[in-house]
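Trainee: Line order of the protein sequences matches chains A and B. Going left to right, the first sequence walks through residues 1 to 114 as the numbering used here numbers them. Going left to right, the second sequence walks through residues 115 to 228 as the numbering used here numbers them.
Heads up, some of the hints might be wrong.
What the hints assert, rightly or not - Label pairs and their computed distance ranges (CB to CB):
#: 1; chain 1: A; residue 1: Ser28; chain 2: B; residue 2: Gly176; range: 23 to 33 Å
#: 2; chain 1: B; residue 1: Thr228; chain 2: A; residue 2: Ala54; range: 41 to 51 Å
#: 3; chain 1: B; residue 1: Gln155; chain 2: A; residue 2: Ser28; range: 36 to 46 Å
#: 4; chain 1: B; residue 1: Thr128; chain 2: A; residue 2: Pro114; range: 24 to 34 Å
#: 5; chain 1: A; residue 1: Ser52; chain 2: B; residue 2: Gly130; range: 42 to 52 Å
#: 6; chain 1: B; residue 1: Glu196; chain 2: A; residue 2: Ala54; range: 42 to 52 Å
#: 7; chain 1: A; residue 1: Leu18; chain 2: B; residue 2: Arg144; range: 37 to 47 Å
#: 8; chain 1: B; residue 1: Thr226; chain 2: A; residue 2: Glu66; range: 36 to 46 Å
#: 9; chain 1: B; residue 1: Pro153; chain 2: A; residue 2: Glu66; range: 39 to 49 Å
#: 10; chain 1: B; residue 1: Gln132; chain 2: A; residue 2: Gln42; range: 23 to 33 Å
#: 11; chain 1: A; residue 1: Ser28; chain 2: B; residue 2: Glu196; range: 26 to 36 Å
#: 12; chain 1: A; residue 1: Lys69; chain 2: B; residue 2: Phe174; range: 24 to 34 Å
By construction, these hints were calculated from the structure, which means they are not laboratory data. Heads up, the beta-carbon is just placed ideally off N, CA and C, and yes, glycines get one too.
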Amino acid sequence: AQSVTQLGSHVSVSEGALVLLRCNYSSSVPPYLFWYVQYPNQGLQLLLKYTSAATLVKGINGFEAEFKKSETSFHLTKPSAHMSDAAEYFCAVSEGAAGNKLTFGGGTRVLVKP
Amino acid sequence: KAGVTQTPRYLIKTRGQQVTLSCSPISGHRSVSWYQQTPGQGLQFLFEYFSETQRNKGNFPGRFSGRQFSNSRSEMNVSTLELGDSALYLCASSLESSRVGEQYFGPGTRLTVT
């Protein structure tokens, strides 16, 4: 069975500082990995996805993530935080079998301080 | 292109009642998935429909059911509501099974059971 662990339910960063959100996964087959963002009172928006092509994946809004098979990790980073990055971020895994079942991590809420 | 729409956005029901939630996917998308989001359990997969057939199912009791119509619109039904069913219910649509995980989420229906 697949699972996702996000380290840190809350992260506080200063505007302009590095954003680093950690995600570790467990999967019995090569996984598909995703990061989603959720703003208050909204649904989820896809930031980026890894599907076994390049291990460094670039997404929207300046975010990127690196797939490290040896560490079973898929950490999300952004070099310089902006106030608009304040939101909740979810890492998710799919085993790629027929269908679109996603298993999500617990989420990390990001607070950006001016 | 219009995004995923969910109706109603907010709903208050009494324990023991039943409820039906509706989801209209992005035009051309044939896969519709449903997720439950609660503060305690996070985001959990309910089920996925593709071409009017349930393709994947999560670990929820039989009180939770769904269906998909020929125009890809989907409904989910919860019978005999319990207080613990209070949650944000998110619907997501995908173009087809080959694009694993590239799901587009609606804004959700917030269900409150009293």
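Trainee: Looking back at the numbered hints, which does the structure fail to meet, lowest number first?
Mentor: 3, 4, 9
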